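Novice: Position chain B with the ligand relative to chain A; hints supplied.
Each chain is listed here by its residues.
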Amino acid sequence: MALSGLEIYKLLPRTNCGDCDFPTCLAFAMKLAAKQAELADCPYVTDEAKVELEAASQPPVRLITLSSNGHKVEAGNETVLFRHEKRFFHKCGLFVRVKDTDDLEAVKNVASEVDGFTVDYVGLDLELDGMAVEAASGDPDTFAECVEAVRSATEKPLILIGSDPDVLKAGVASLTAKASGTVPLLYGATPENWESMAALAKKADVPLGVRPGGGLEELAELTEQVKGAGVQNIVLDPAARDFAGTLTRMTQMRRLALKKNFRPLGYPIITFPGEGAEGPEEEVVLASQHIAKYGGFIVLDHFSQASAYPLLVFRENVFTDPQEPIQVEPGLYEINDPTPDSPVMITTNFSITYFSVANEVESAGVPGWLIVADAEGMSVLTAWAAGEFDADRIAKSVNATGVADKIDHQKLVIPGHVAVLSGELEEELPGWDILVGPREAVDLPAFLKLGNE
Amino acid sequence: MTVEIPVEKWPGQVREITLGATADEGGTRSHTVTVGGETTLPFLHFEGEIPHPPVVGIEIASRRPDDWSPLLLETWSDVVDDPAAWAKAAEEAGADILLLTLSLEDSVDDATSAVRQVLEACDLPLIVFGPGQADKDNELIVPVAEEGAGERLVLGVCEEKNYRTIVAAALAHDHLVNSRTPMDVNLAKQLIILIHDMGLPLEQILMDPTTGALGYGIEYGYSVMERLRLAALQGDSMTQQPMLVTPGEEAWKAKEAKVGDDVPAEWGDWGERAINWETLTATSLIQSGADLVVLRHPETVQRVQKTIDALMAEAGEPELVAA
Ligand code: SF4
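Each protein sequence line maps, in turn, to chains A and B.
Count the first sequence with this note's numbering and you get residues 1 to 453, in order.
Count the second sequence with this note's numbering and you get residues 1001 to 1323, in order.
Looking at chain A on its own, in the form it has when it is part of the complex:
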């Protein structure tokens, strides 16, 4: 739990010597509490105080980073149970699992499909984060070969799964020998094998997943044992797989970490939705639960575009900052090189709204002028209900863009949802014809093509 400025002050030397470049210890303490200064800047803190301050400054959910070849996946450092309380910070990693008992060519194909999958959503390129390779064969060479096959197809981070430390060791060796800075996740330590797993993770300096045989008590014990063996970076398996069980466990784990500052469970969670689902259709649903409810690394057993795309979009939605509506710059946007006789349309600056409209006009191949009104980043309906997209605002936006000088007509297409504003708008914009467009962006191409005929 974070300490207040005053609590920190009590642990400082209180000599106001100024060597930290702050005039007083109190000023330094306040900056520390606000995370705007580093404890190391005070040369005189006692070792005792240091330990106390560092323990207190640890986040309730430890940040775990997997990396390779410039790719990075981070999970943890979360501070709230509900996204509206502040926000969720680190998008959970989405991985796809293959097994070393699968045909090597098939493995490579899956890995390159996953690697190459990029989909545009409101101007963002959404991608999966990496692959998980499971040592199902029990044979070190077979596993190393499979890891290499995956590595040949993708440079993204990996999760290495198995229960035999000797087999996993072969996989780690083949990975880290080739590229420095590669940090896979090892999964996992069980009550039976934790000593040798912890030794392996410590030696390779990689995070370790832990999987208990039972409930949260066993899980907490196991993480303490692993930590005692020198492994700091730990990832937790809730050891439940079904819909109700994972929701319960993961809620309890997040509550314990945040509300009770319970260190043994203060780590990100790994989930395997494919193990709790009957088939790929259900796996998507369970994976989406894990995205919303506290998963840190999610290992899927199936990859298809039609499932990966909705999951990636859902993750994007859940992890946006609720305090900051995603907006685009208000103004005049030219689509497909419009000419003076091209239609003029208006919409709001909520980015999802803007991108839906702009994409439709663009893909319809119809040139057009799109005015984006400043509606506080709200969608058309919401902005209209909130009084941020009324006749006055629309008229001002039209005038501010100076679009009238670029066209040889005076026709404005407004969204169908605000059809009721037509009359008022004709008064606010004298000389303009107000045309009511479709309510949904998806119907724009048909509407525009009709206008062209």
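None of these hints come from the bench; they were simulated from the model.
Small disclaimer: the values here were computed from a predicted structure and weren't measured.
All C-beta atoms in this analysis are idealised placements derived from N, C-alpha and C, irrespective of residue type, glycine included.
Possibly wrong hints are sitting among the right ones.
Unchecked claim - Simulated restraints on C-beta separations:
(1) B:Asp1269 to A:Glu329: 34 to 42 angstroms
(2) B:Val1263 to A:Pro430: 37 to 45 angstroms
(3) A:Glu329 to B:Glu1049: 46 to 54 angstroms
Specialist: Positioned in the frame of chain A, the structure of chain B with the ligand alone reads:
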């Protein structure tokens, strides 16, 4: 090591609301459907009671809805031209309740006869929404309320700009209403107060906080519903109404679900993508507090119901996986 599981003691409870009426109760339904009653957050069985599972409705229309996705029209096929046949098909597809949406083109006779036909064709409790335009909603919903007297219908669309006539009709004929507000906690609460002030008992008001679809603002609907449910459990009486949302309508407006042609190749198979779009929109809202979701595709209904069963199944310790 002992781990003390944090359990919240919530002072509040969601109201129980019953839709539909059997012959004994003055209606013609074979059974009624009750929602609400929760004393904890969605599916946290270790902490409180979830006496009724969330309910899945199917939306049908009084006449062929030409603006619906071709995928939906193909799936339902001929029945979309006949509300009675559609109602039967929806009941067979596993709906717990039906939502009948009236059309702007409907006359009063069209609307009342569609309602009559649907009631005769199926045994499920019924929600009837006007086309969503104030004047037309009022013109159609008042006679519909009379036609369905005794059935404990849910009437809508009951919005701040237009709730008086619909609430009066519900009062006159003992129906329920949906209190719909645009994704805002305070507005949701205010409209419940306004409707209740007209004399409609809280047991006859469903809260409809609206939602965006996956990719189109679902995070707003999701968080508003989480906040409303937290407020309800914390004891804020006017937020304790069960929540109704229409993820089917929202999801099928999204291009990802609605169309199959001229879309990016990486969107994948249309049918699967569309069903996933509607399913994820619905299941995420159920896990943020929805008591009643209205869907459009029969396959989605199956998947969502399976998810609800799974979420309701484990009332005790989570299922363990051997290490
Ligand atoms: S360096 Fe340390 S002791 Fe000196 S003023 Fe800063 S905090 Fe106080």
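Novice: For every hint, state whether the structure bears it out.
Specialist: Taking the hints in turn, this is what the structure says about them:
1. B:Asp1269 to A:Glu329: 34 to 42 angstroms: holds, 36 angstroms
2. B:Val1263 to A:Pro430: 37 to 45 angstroms: Once the Cβ atoms are compared, 41 angstroms apart, the range 37 to 45 angstroms for Pro430 of chain A and Val1263 of chain B holds.
3. A:Glu329 to B:Glu1049: 46 to 54 angstroms: Holds: the Cβ-Cβ distance is about 50 angstroms, inside 46 to 54 angstroms.
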